[in-house]
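Protein chains in written order, with numbering that gives the first Met the number 0: chain H, 0 to 117; chain W, 0 to 226.
Simulated from the structure, these hints should not be mistaken for lab results.
All values derive from a computational prediction rather than experimental measurement.
Not everything, but these chain W residues come out facing chain H in the computed CB check (under 7 Å):
#, residue
1, Arg175
2, Pro182
3, Ala190
4, Leu200
5, Lys205
6, Gly211
7, Ser215
Stretch by stretch, here's where chain W covers chain H in the computed footprint (C-beta under 8 Å, at least three residues):
#, region
8, 26–37
9, 60–74
10, 77–86
11, 89–99
Facing chain H, according to a computed beta carbon distance under 10 Å, are these residues of chain W, among others:
#, residue
12, Ile171
13, Gly178
14, Gly183
15, Leu193
16, Gln210
For each residue, glycine too, the CB sits at the ideal point set by N, CA and C.
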Amino acid sequence: MTTKQPNPSNESSVNYGPLAVGLVGAMVTAAAFIALIIAGLAAADLFPATSSASDALQDRGIWSATRAWANPLGIAGLAVLLGGAVPYALYNIRNTISYRRDSMASALPAILTKDATS
Amino acid sequence: MATTENSVPYKGDDAVQTMAKKMAWPLLGMGAMTVVGSLGLAIAGGINFGDFFSPAGVAADLGRGEALVQLTGAFMFLGMGLILAAITMTLVNIVRHLRDAGRDVQISLGAQPLQLKKPWTGTATPMLMMMGVMTEIVAFIIGITAAVSIGGVDPGSIANPSGASGADLADIGFTRAVGTWLPGLRLTGLAMILIAIVLVLTTIQKVIRFQGDRVSDIARDAQAVAV
Numbered sequence: 000m001t002t003k004q005p006n007p008s009n010e011s012s013v014n015y016g017p018l019a020v021g022l023v024g025a026m027v028t029a030a031a032f033i034a035l036i037i038a039g040l041a042a043a044d045l046f047p048a049t050s051s052a053s054d055a056l057q058d059r060g061i062w063s064a065t066r067a068w069a070n071p072l073g074i075a076g077l078a079v080l081l082g083g084a085v086p087y088a089l090y091n092i093r094n095t096i097s098y099r100r101d102s103m104a105s106a107l108p109a110i111l112t113k114d115a116t117s
Numbered sequence: 000m001a002t003t004e005n006s007v008p009y010k011g012d013d014a015v016q017t018m019a020k021k022m023a024w025p026l027l028g029m030g031a032m033t034v035v036g037s038l039g040l041a042i043a044g045g046i047n048f049g050d051f052f053s054p055a056g057v058a059a060d061l062g063r064g065e066a067l068v069q070l071t072g073a074f075m076f077l078g079m080g081l082i083l084a085a086i087t088m089t090l091v092n093i094v095r096h097l098r099d100a101g102r103d104v105q106i107s108l109g110a111q112p113l114q115l116k117k118p119w120t121g122t123a124t125p126m127l128m129m130m131g132v133m134t135e136i137v138a139f140i141i142g143i144t145a146a147v148s149i150g151g152v153d154p155g156s157i158a159n160p161s162g163a164s165g166a167d168l169a170d171i172g173f174t175r176a177v178g179t180w181l182p183g184l185r186l187t188g189l190a191m192i193l194i195a196i197v198l199v200l201t202t203i204q205k206v207i208r209f210q211g212d213r214v215s216d217i218a219r220d221a222q223a224v225a226v
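Using the sequences and the hints, build the whole thing.
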């Protein structure tokens with residue numbers, strides 16, 4: 000029977016890369032939220048329009064333009080989480096399963112030898 | 000031994016793990032039903048908008064459509080939040096099963112059953128998940144409030160705000176303002192729950208690594224006894 004030694008490349012500490020990627024995604028979504036709050040203030044000024052016509056036009060522009068890009072930006076942040084952080088974490092789990100396989104393959108013969116001699 | 004520093008003797012579920020054990024499937028069911036319900040609301044809203052723009056359309060159709068749009072968003076994102084929370088709890092259950100399986104293996108090898116000391120990722124997971132779910136619930140309540148506000152507006156005022164009363168204009172303004180930033184709040188809540196999922200996946204990685212190290216330690220002890 001051949002036994003594998005644990006792969007030294009797997010023995011590094013736990014990888015927090017997925018968490019970093021996830022935090023980037025969450026921050027992108029939070030930035031979109033802040034932009035939408037500003038757009039919401041502009042929308043609130045429109046009903047009723049107490050300001051001048053040019054200010055109302057500016058408010059409408061901010062409202063429409065921000066909604067146009069901020070909603071997709073928020074979803075893009077979620078996409079970073081779903082498409083980047085989660086697969087990255089699953090990939091790390093797969094590597095760690097390989098590490099455990101190598102540990103078992105090298106440890107079990109010693110344990111079985113002990114059982115046979117005791 | 001390599002694993003003794005970050006291990007504790009085996010102990011059962013804590014409060015959070017017990018909650019995950021009991022709540023994962025009910026939450027999934029509630030979330031799925033909420034999302035399906037929101038789909039029904041969306042279809043009803045679409046029908047009302049279609050009726051408004053038909054030759055026989057009346058302003059009341061537009062009012063109902065506007066209110067149903069608000070309700071759809073409120074229910075849909077609450078359902079998504081519940082489903083993602085259920086996925087988080089299911090992953091916590093995987094951690095529980097890994098821990099219990101590790102205990103059984105250690106006992107069968109005649110070793111003292113140890114488990115990984117709860118890492119910070121495991122401590123932070125339920126906090127972030129609950130924050131995300133609470134955010135979705137708050138967004139749901141605000142969404143219902145917006146639906147009630149726009150539902151109380153004279154439908155003719157929605158079609159032509161220039162002729163609306165002051166109270167109706169205030170309600171339209173509230174609904175438009177809330178409808179602008181509420182999607183951002185809902186997405187931020189979902190992002191919090193997804194971060195919790197990444198945290199629990201990192202915890203799973205730590206548990207698997209610990210188990211590999213633990214088996215190596217037991218083998219080392221066995222070799223020492225044999226010598």
